[in-house]
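J.: Residue strings, one per chain:
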Amino acid sequence: MKVVGILIVVALIAYFEISPMAKKKEIKDLWVFSFLLLIGTVLSIMLAIGVTIPNPLDGLTKVLKPVTNFILGLLD
Amino acid sequence: MLEQSKISNRQLTILIVQFIIGSKILFVPASLAADSEQDVWLSGLIAIVVGVFVAWFYAHLALQFKNQGILQYSEIVLGKWIGKLVNIVLCIYFLIIAAFLVRDIADFMTIQIIPGTPILAIMIVFMILTIIGVRLGLEVLSRAAEIFNPWVIFLLLLLLVSVSTQIEWKNMFPVFDHQMKHIMKSSLTFITFPYLEMIIFLQIIPYVNKPSRVKRNMIVGTVLGGGMLVVVTLFCILILGVDSTTRHIYPTYALAKKITIGEFISRIEVIVAGVWFLTIFIKLSLCLYFIAASIVQLFALKTYKPLTFPIGIILIFLAIILVPNMAYLTNFDATTWIPIAIIVGFILPFIIYIVHRLKIAASGKKT
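Residue numbers (the working numbering), protein chains in the order written: chain S, 1 to 76; chain B, 1001 to 1367.
Since the hints were derived computationally from the structure, they do not count as laboratory data. You may find that some hints are simply not true.
[What the hints assert, rightly or not] Using C-beta positions, here's what the derived DEER-type ranges look like:
1) B/Lys1302 - S/Leu74: 45 to 51 Å
2) S/Phe16 - B/Met1172: 53 to 59 Å
3) S/Met1 - B/Leu1358: 57 to 63 Å
4) S/Asn55 - B/Leu1358: 36 to 42 Å
5) S/Val67 - B/Val1161: 39 to 45 Å
6) B/Pro1118 - S/Thr52: 17 to 23 Å
7) S/Phe16 - B/Ile1147: 25 to 31 Å
8) S/Val67 - B/Ala1361: 30 to 36 Å
9) S/Pro20 - B/Ile1261: 36 to 42 Å
Beta carbons: idealized from backbone N, C-alpha and C, even for Gly.
Construct the entire structure; sequences and hints are all you get.
T.: This is the structure in structure tokens:
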């Protein structure tokens, strides 16, 4: 049900955005728009059906851990 | 440039003030008082001084290039591919900030005002509003900010004046009870959260009418915005006390709950909460605008407007995925966000500035 809702919303967005771009023949804009919309749709559907997605910030926290500790260590 | 719009210098100042206040005002007393407790005003002042330096540097960098934002001149200065990499980094930086902003306002609404409503509903409504705002362009946004300005000031003054009768000066003492290190640590979260995010204005300054006065506008905006935050924090400490301030998730809202005017007007905190809605709207709009502008620059597109809806969808997804809960966000802001903000917000533009100066020096020698 949620997936159907997402698809309807995405279809509406695509309908209202694509036709003006197609009229002006902005092919590159159309590609980027479609690509972003596709990413958004796939991610939203994954969220809706409950796929566990790892949090990218956890990875960022791990990578930057030495720097963070260094900066905070200066002021501890 | 992305569009043919002009904003006045006054609007730039207002945008900066609202950008700094936006969302930070909800947490600032708790995060600022976490380490320095009643010496919080000192951390605030240190942060404002550093913020003024940062603002001056941004204005100085922006004025080196005419009619170009950081997304454009990063490609010119650093070369096409490294420049594009810088743009991707900036895009991700503001994606994270924007996702946090969506999360902030939605969390605030579900925790304090309408607990029964699903968080997604608030996010979607707020996101649609922002998308409408961004699609109208930067000029409309800055005029909206100008219209919001008296309301923001009026509501903040209403908050401060009506609780000022309950000030207990003993909460301020003992003064200088904390080591300088702890005071600095508190100011560090203040510098990284609103001030090093001001890099967004490197993309907005080129639209300003009179570039000669931009430096002054940037510094005035920084001082006013930071000053408001510090005053609100100080009032929280003076009225709620250190313990209560650091323990609340939203100390400013707790402060607003204390409003009683003449013993018959009370519980008007939701009206005061209008300040956060207005300022977060402006801040989120600017972030969304910047993200769209960076994608336009990355692929050399013609217009940013169609991109706003897909970015909005991705932002709502990020707001849910990046922040599992409030505690995670608070912790993230106090730890990992500090190096990220310093790298992206200071080192990156500094490298651009140095390379630009070196290039000028090299070309000067040849001729």
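J.: It remains to establish, for every hint, whether it holds in the given structure.
T.: Going through the hints against the structure:
{"no.": "1", "hint": "B/Lys1302 - S/Leu74: 45 to 51 Å", "in the structure": "holds (47 Å)"}
{"no.": "2", "hint": "S/Phe16 - B/Met1172: 53 to 59 Å", "in the structure": "holds (57 Å)"}
{"no.": "3", "hint": "S/Met1 - B/Leu1358: 57 to 63 Å", "in the structure": "holds (59 Å)"}
{"no.": "4", "hint": "S/Asn55 - B/Leu1358: 36 to 42 Å", "in the structure": "holds (39 Å)"}
{"no.": "5", "hint": "S/Val67 - B/Val1161: 39 to 45 Å", "in the structure": "holds (43 Å)"}
{"no.": "6", "hint": "B/Pro1118 - S/Thr52: 17 to 23 Å", "in the structure": "holds (20 Å)"}
{"no.": "7", "hint": "S/Phe16 - B/Ile1147: 25 to 31 Å", "in the structure": "holds (28 Å)"}
{"no.": "8", "hint": "S/Val67 - B/Ala1361: 30 to 36 Å", "in the structure": "holds (31 Å)"}
{"no.": "9", "hint": "S/Pro20 - B/Ile1261: 36 to 42 Å", "in the structure": "violated (52 Å)"}
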